[in-house]
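Enquirer: This is what each chain is made of:
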Amino acid sequence: MAASLIMETIPDGYEDEDLIELAAVGRSHRAVRFDLTHGDREDLEAQHYHEPKHTNTLQRNSWSSSTQRVLSSMPSRSIRWNQTAVLSQNQSRSTKTRRRRRAPNPVSTTSSAATRDVFRERENCADDVTQDEELLNKLQDLPAGESVRLLREMPLSVSKKREIRALCFSWELAQPLSENRALFCHRFQACFLKVLCGCWLGGVSQKKSIQLWQKVLKNISARFGTGILSYFIFLRRLLLYNILFFLINGLFLFLPQISNPPTSSPSPSPSPSPSPSEDEHTVLWMLTGTGFLTDSVMFYGHYTNSTSGNCQAKMCPHNYNIPLAYIFTIGTGMFVTCVMLVYRMSKSFEKSFCTFKNTGNIALKVFCSWDFKVCRKRSVKLQAVNICTQLKEMLSELSCRKKKRNLCSTLGWLSVHLIVWSICLLCIGACMTAVYYFHPYIEKGGPIMVRKNDPVRFLTMPLVVSCISHLLPGFFDKLSKGEDYNSPSVHIYVSILRNLLLKGCIFSVLCYYWLTKINDGETGQKCWETFVGQELYRLVLMDLIVAVLHIILAEFLWGMCIRNLTFRRRKLEFDIARDVLELIYGQTLVWFGVLFSPLLPAVQIGKLFLLFYLKKTSLMTNFQAPRKHWRATEMSTIFVSLLFLPSFIGALMCVIYTMWRIKPSSHCGPFRSLHNMLLLGKQWIMDLGNSNPSLEWLSLAYLHLVDNPLFLFILAGLFLTIIYIHMQVLDGQKLIIGRLQEQIDHEGEDKKFLIAKLQVLNEERALSHEVNIWCFNDRTAKVVVLEDIVMYGNMCSIKSVVMESTVRLYIRLPEEHNEFLKSGEWDHGIVVTDLNPHVTNSELHDYFQKFGTITESDITIDKSSGWPKGVGFVRYSSSEEAEAAKADEPHTLGGFPIWINKIVTPKNRFDTQHRSFQPNLCVN
Amino acid sequence: MGNKQTIFTTQQLDAYQDCTYFTRKEILRLFHRYRDLAPQLVPLDYTTGPDVRLPYELIGSMPELKDNPFRQRIAEVFSEDGEGNMTLDDFLDMFSVLSEMAPRDLKAYYAFRIYELALVSFLPLDFNNDDFICKSDLEKTLNRLTRNELTEDEVRMVCEKVIDEADLDNDGRLSLEDFQHMIVRAPDFLSTFHIRI
Chain S
6 MAASLIMETI
16 PDGYEDEDLI
26 ELAAVGRSHR
36 AVRFDLTHGD
46 REDLEAQHYH
56 EPKHTNTLQR
66 NSWSSSTQRV
76 LSSMPSRSIR
86 WNQTAVLSQN
96 QSRSTKTRRR
106 RRAPNPVSTT
116 SSAATRDVFR
126 ERENCADDVT
136 QDEELLNKLQ
146 DLPAGESVRL
156 LREMPLSVSK
166 KREIRALCFS
176 WELAQPLSEN
186 RALFCHRFQA
196 CFLKVLCGCW
206 LGGVSQKKSI
216 QLWQKVLKNI
226 SARFGTGILS
236 YFIFLRRLLL
246 YNILFFLING
256 LFLFLPQISN
266 PPTSSPSPSP
276 SPSPSPSEDE
286 HTVLWMLTGT
296 GFLTDSVMFY
306 GHYTNSTSGN
316 CQAKMCPHNY
326 NIPLAYIFTI
336 GTGMFVTCVM
346 LVYRMSKSFE
356 KSFCTFKNTG
366 NIALKVFCSW
376 DFKVCRKRSV
386 KLQAVNICTQ
396 LKEMLSELSC
406 RKKKRNLCST
416 LGWLSVHLIV
426 WSICLLCIGA
436 CMTAVYYFHP
446 YIEKGGPIMV
456 RKNDPVRFLT
466 MPLVVSCISH
476 LLPGFFDKLS
486 KGEDYNSPSV
496 HIYVSILRNL
506 LLKGCIFSVL
516 CYYWLTKIND
526 GETGQKCWET
536 FVGQELYRLV
546 LMDLIVAVLH
556 IILAEFLWGM
566 CIRNLTFRRR
576 KLEFDIARDV
586 LELIYGQTLV
596 WFGVLFSPLL
606 PAVQIGKLFL
616 LFYLKKTSLM
626 TNFQAPRKHW
636 RATEMSTIFV
646 SLLFLPSFIG
656 ALMCVIYTMW
666 RIKPSSHCGP
676 FRSLHNMLLL
686 GKQWIMDLGN
696 SNPSLEWLSL
706 AYLHLVDNPL
716 FLFILAGLFL
726 TIIYIHMQVL
736 DGQKLIIGRL
746 QEQIDHEGED
756 KKFLIAKLQV
766 LNEERALSHE
776 VNIWCFNDRT
786 AKVVVLEDIV
796 MYGNMCSIKS
806 VVMESTVRLY
816 IRLPEEHNEF
826 LKSGEWDHGI
836 VVTDLNPHVT
846 NSELHDYFQK
856 FGTITESDIT
866 IDKSSGWPKG
876 VGFVRYSSSE
886 EAEAAKADEP
896 HTLGGFPIWI
906 NKIVTPKNRF
916 DTQHRSFQPN
926 LCVN
Chain W
2 MGNKQTIFTT
12 QQLDAYQDCT
22 YFTRKEILRL
32 FHRYRDLAPQ
42 LVPLDYTTGP
52 DVRLPYELIG
62 SMPELKDNPF
72 RQRIAEVFSE
82 DGEGNMTLDD
92 FLDMFSVLSE
102 MAPRDLKAYY
112 AFRIYELALV
122 SFLPLDFNND
132 DFICKSDLEK
142 TLNRLTRNEL
152 TEDEVRMVCE
162 KVIDEADLDN
172 DGRLSLEDFQ
182 HMIVRAPDFL
192 STFHIRI
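Chains S and W, in that order, are what the protein sequence lines are. Start counting the first sequence at 6; every next residue gets the next number (our numbering). Start counting the second sequence at 2; every next residue gets the next number (our numbering).
One chain only, chain W, in its complex shape:
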């Protein structure tokens, strides 16, 4: 127990508890999981808040993520630099959102970010405060979901159907609103968008 106290200060632990859906114990466990990825990089003393980033290659090699087709996107979405290199904060954030306690809206938001694979960069800056899932994103998502087993025609049809079904405002792409609206009808979303750690 002694060395646990030296990893985080009480304030830090409190802060983490308030900001994530984890208890003290789980935070420490997650810290150790994080540290086990690269023991030589991560110090055992986090009281001073060292700026340590683990590269994506290490994060992606976790058994929980290793075979997930969306692992890269997950890492990118949750990392602050957008390239999948994660600090401890990002790491905690990721598993907090993917825990069973996270509410539906939060999960839906991040699921949306994950599925929205290509960030919309060609839109004017003014307009990308909301990003969209457009057809190319959907195609990529589908190909990852099915490991490229669908033919191009089928992918196209599925994309059309999905947009047709879920797009409420007829703009040919899915906004966060559309996505959330759709998620409300999915009873098992909460249990599937969940990584047990």
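Same shape as in the complex, but just chain S:
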């Protein structure tokens, strides 16, 4: 509480009194000058001119409230700020805040507006303009619907709102109809919105709950973080693609073929001929894909080239051209997968770009991630753990950026990397050669004398390949332990790269091997397509078996050993990169093999299901949460793009090459009579044009456009041009964004600079405001001089005040300057503001008499209007009495609340024209 000091000179006649405001503008600490300004009607404002100084600054940079006000008047934030200012001030109901609230902006130049406000308040007989009333005024000006909306948005308690609303209503009784209508409209809108929102939210939650394994995944993400979660999500996505592919194949290829069995055609009859030797190994037909599987819908060779003319069942469609269906189904499946992959890739790019772009994501995680809807104990716990792991991931990501090395250790680090890389590359090369030479070796019989059709012969090769692809990554991983990476994600990228190299090399060696065999015609089967299909089928299956073995041996057994035998009792760590690469490898095989074995996706579906559950169980029992956490937004993007670029595109290339260049086997399969598979499409279109004249344009178009290399070249050129233009546009946009960001940064710096200046200014101003002086005097008063107001930091002392006129001077000092009062003798009293103009002096006197003996009381009168200004003074005989009056707040006089402040006046009155008042120097 600021104590007020009244220095009174000659008590003039009230009619001569005028209020003069002394606004402090001096900045220098030594000599503070005071400007003398006339403030005819600003007495009310003058009351509140005192700027409370934020004295005990807890923070170095905290802006004082005046700075904040200036900030609030800046265009960019003003609306928001004002709104929140109203909101927050509504909350605190202390007198102090209310009074401050009414204080006009001291720095702003809109004092006239403020004056007008004051007057409007007066006219409303609202000397007690409280918050509510101001709000009411505001609400009243708005249309009813709008005011209801505003009322709802105010952060007040409902009871308070109801009060306001009641008042509003009483004022708006003049137009109840419009209000009701507006309300009704609003209500309707609200209901509509609510329904929409509900639908949307419900839809979202439903969509989430429908997804496969939702619960398991939630559990995993809580316990192991998003990194490991990304593996499982990836697995689920692969499953989805395979299911889709399977559905397409099943509907358009498998079912027609089943309903149109090729028994009529004698061609597949040789299939039992190799069987006698295989009979004893029937157990293994599942693994090898030989035996009766050779001639089943599983593989290419079984499909006919008939147009289903010999359809027995009535169900089957007529004229169903199986070869055409074959080529189109595979094509459609590939196309759909491609579209989905691209879509997914773009989505995840977008996501990772978004999350990495803005920097404020830790704050968001802390404040916005808690889902208040969650109410079950278990899920609450899960959510807490989840948030915790994610925070850790973010932290580790942040902390790993800081590491730095010196030159020597950099060299060491580089050499270690070089060595590891060379070892890895050597290993890969060795594996390639091994696979390449091992294959014919096994073909020839190898060390163990196996019979020609022994399934072991078929299975050795896939086993070797799978073993290599499973074990070598583990070896790489061990090697890379020696390397010291900055962040776990870099580590993972490197190991992904190595694994990718390994698998790509092995796969290309296999392809090369098959190609040579096909060209040599040594496949040992009637259909080389079936042979390749079987090879791939075996590879896929063997991959699964090795993976299962790996899980059992390396994870369960080894994990158990580690847990129980070692002293540290730690668990294994999940190698995401390796496992994801396994998945991608398997998927590549499937995509490649789908041409030769249309039902391979079905096998893959089963494989993925099995893998998911095994991995999940193994994860839960054998693995620990990764010590280094890292985020997976980026990783999932990488995984999807890996799946697309080397894997899918590679498989697609192989398939297209096969269709285009390699002659299909001439004795079996749907394309037996053709030179290459793609010719079929051409033939079909030509036939279409010949048989149906109305479609002749199609064949013409095909002939002239698709078959014409020139046209294709032009098309590709156009395509590339468009891409190039888009890229250029994108680059330009990036440039613009960068510049805009720079601009924003600069603006922010400017603003910061200005704010800092402003703050300095305000601090000085606040210092100078510690002494606020107003005086009532007649209009003839010319000069009021204060000499030597000395400021030491935030201390202040008044040495002397010299006045050359008949003035009554108010000096208000902050509480800490109470010491100052001890340096003289004082009369104590109170100043009353917000007084009802109808209250007379005697009423004032009577009212305040109950607190003590009143020596003097008066009410100031505006000379020009003759109305009281709403300010009165009461002087008590002792300080305690004034204290009592002050302590008895709130006061109501004349039907309205009034505000009082304690004041003191010096006992030694000045009675001459030239007076000097000289209290002792005070230092607090």
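No lab work stands behind these hints, which were simulated from the structure alone. Don't take every hint at face value.
[To be verified] Using 27 Å as the maximum straight-line C-alpha spacing, the simulated DSS-like pairs for lysine-lysine come out as follows:
no., chain 1, residue 1, chain 2, residue 2
1, W, LYS67, W, LYS141
2, W, LYS67, S, LYS370
3, S, LYS757, W, LYS136
4, S, LYS739, S, LYS223
5, S, LYS352, S, LYS220
6, S, LYS907, S, LYS874
7, S, LYS223, W, LYS67
8, S, LYS370, W, LYS141
9, S, LYS223, S, LYS378
10, S, LYS756, W, LYS26
11, S, LYS756, S, LYS356
12, W, LYS141, S, LYS223
13, W, LYS67, S, LYS386
14, W, LYS26, S, LYS386
15, S, LYS386, W, LYS136
16, W, LYS26, W, LYS67
17, S, LYS378, W, LYS141
18, S, LYS370, W, LYS136
19, S, LYS220, W, LYS136
20, S, LYS757, W, LYS67
[What the hints assert, rightly or not] A short, non-exhaustive set of chain S residues, derived as facing chain W with CB atoms under 8 Å:
no., residue
21, VAL153
22, LEU156
23, SER162
24, SER164
25, LYS166
26, ARG170
27, ARG241
28, VAL371
29, SER374
30, ALA389
31, CYS393
Glycine included, every Cβ here is placed at the ideal spot set by N, Cα and C.
With chain S fixed as given, assemble chain W onto it according to the hints.
Expert: Relative to the frame of chain S, chain W by itself:
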């Protein structure tokens, strides 16, 4: 339907509808939820506006709030006495703000109040018209969020980071402004700061 009319007068219901984001039906449903917490305390007749407060222990035992780590703060923020004892008005207020219809600013305001755990009492009276989230508040919030799973170091780091990221005016604490600015960038805030009742 008959007894519904006796709980509130039409004016009361209108007033509640204007002051909250609920329809008539929902208000009545919420009233019954409120009453079910303590049937012996809450009268069935609210036309006279009885002054009934349910203690925090009862409010906190609602299934919607029971396991929420911020339940105490929620109750304190929305109750008029600041101690979590709630009248029907406060109760309606709470679920109105937490409903899906409440606008972002209102939600952000109350979220800010909830996270600002320690009311700033050591600042001068003049200055606390705006409260702040300072580091100690953040630490408490974090500990509640993660059930004390983070180590002290991590908590400190997270706090520093959060203040670093969200504090626009460099005063070492978060004001309502900072908070709202941050919330604007959170797409899922509206759906997470929401209790379905």
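Enquirer: For every hint, state whether the structure bears it out.
Expert: Status of each hint after checking the structure:
no. : hint                : verdict
1   : W:LYS67 - W:LYS141  : holds (19 Å)
2   : W:LYS67 - S:LYS370  : holds (23 Å)
3   : S:LYS757 - W:LYS136 : holds (23 Å)
4   : S:LYS739 - S:LYS223 : violated (37 Å)
5   : S:LYS352 - S:LYS220 : holds (23 Å)
6   : S:LYS907 - S:LYS874 : holds (19 Å)
7   : S:LYS223 - W:LYS67  : holds (22 Å)
8   : S:LYS370 - W:LYS141 : holds (15 Å)
9   : S:LYS223 - S:LYS378 : holds (16 Å)
10  : S:LYS756 - W:LYS26  : violated (50 Å)
11  : S:LYS756 - S:LYS356 : violated (32 Å)
12  : W:LYS141 - S:LYS223 : holds (26 Å)
13  : W:LYS67 - S:LYS386  : holds (13 Å)
14  : W:LYS26 - S:LYS386  : violated (34 Å)
15  : S:LYS386 - W:LYS136 : holds (24 Å)
16  : W:LYS26 - W:LYS67   : holds (25 Å)
17  : S:LYS378 - W:LYS141 : holds (21 Å)
18  : S:LYS370 - W:LYS136 : holds (16 Å)
19  : S:LYS220 - W:LYS136 : violated (35 Å)
20  : S:LYS757 - W:LYS67  : violated (45 Å)
21  : VAL153              : holds (5 Å)
22  : LEU156              : holds (6 Å)
23  : SER162              : holds (5 Å)
24  : SER164              : holds (4 Å)
25  : LYS166              : holds (4 Å)
26  : ARG170              : holds (6 Å)
27  : ARG241              : violated (22 Å)
28  : VAL371              : holds (5 Å)
29  : SER374              : holds (7 Å)
30  : ALA389              : holds (5 Å)
31  : CYS393              : holds (4 Å)
Of the numbered hints given earlier, the model fails hints 4, 10, 11, 14, 19, 20 and 27; all others are met.
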